[in-house]
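With these hints in hand, go ahead and build the complete structure from the sequences.
2 protein chains.
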Amino acid sequence: MVEKLSTAARQEALAELGGWSYDADADALVREYKFRDFSAAFAFMTRVALLAEKAGHHPDWSNVYNTVSIRLSTHDAGGLSEKDVDLARRIDALGA
Amino acid sequence: MVEKLSTAARQEALAELGGWSYDADADALVREYKFRDFSAAFAFMTRVALLAEKAGHHPDWSNVYNTVSIRLSTHDAGGLSEKDVDLARRIDALGA
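If you're matching them up, the sequences are chains A and B in order. Numbering follows the numbering used here, with no gaps: position 67 of the first sequence is 67. Numbering follows the numbering used here, with no gaps: position 39 of the second sequence is 39.
Accuracy of the hints is not assured; some may be wrong.
Since copy identity is lost for identical chains, a pair holds within one copy or between any two.
What the hints assert, rightly or not - Cut-off 30 Å, straight-line C-alpha distance, at most; resulting in silico cross-link-like pairs (DSBU-like, lysine-lysine):
#1 LYS34 / LYS54
#2 LYS4 / LYS83
#3 LYS54 / LYS83
#4 LYS54 / LYS4
#5 LYS83 / LYS34
Don't read these hints as lab results, they were simulated from the structure. These figures come from a predicted structure and were not determined experimentally.
In structure tokens, the structure reads:
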């Protein structure tokens, strides 16, 4: 069982993860990525899919042409957990 | 410039496309697909991405673990067009 992050831990994680925002209603990390076109956006999605599958933790996400919107939250924890922060870090490390 | 489908053409297309519904607010075709797991869902998304790129027409879509939700509409036409019906047919032809 994964624990939900404390408010302090969440604030620390958000300070570290520059490009991500906190969606308080969903208790989730959210970020939107823009690319040159659909091909570039889907290439990024494929890399994120591989990261997610490896981590055993998957995003709620959507795509419209060159835009990919990612929402990270942990169902088992009922909100944001360290798993989300880890996955956000790994996605950022792709350098998209 | 692609033309928006007439009401009659839309109704005919919907009768043919068994699994798709019509979202009147968005003037779009919508369908949800369920898979065994994330890996199977993303494999399907990859095939749809290739179809979409080949067609030069892309879905608005989202994914949560084993569920893929697809919305087809044509921005240039201001709603549903033959391009959407064609892409829906091709997606169904994947036999997912």
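- How would you classify LYS54 and LYS4 at a CA-CA limit of 30 Å: within, between, both, or neither? within (21 Å within a copy, 43 Å between copies)
- Item | Intra- versus inter-copy proximity for LYS54 and LYS34 (alpha-carbon distance at most 30 Å) | both (24 Å within a copy, 21 Å between copies)
- Homomeric proximity label, LYS4 with LYS83: Cα distance no greater than 30 Å: Only inside one copy: LYS4 and LYS83 sit 10 Å apart there, 45 Å across copies, limit 30 Å.
- Query: Given a CA cutoff of 30 Å, do LYS83 and LYS34 count as a within-copy pair, a between-copy pair, both, or neither?
  - Reply: Both ways: LYS83 and LYS34 sit 24 Å apart in one copy and 24 Å across, limit 30 Å.
- Evaluate LYS54 and LYS83 at a C-alpha cut-off of 30 Å and name the case that applies: within, between, both or neither. within (12 Å within a copy, 36 Å between copies)
Every hint from the earlier list agrees with this structure, and none is contradicted.
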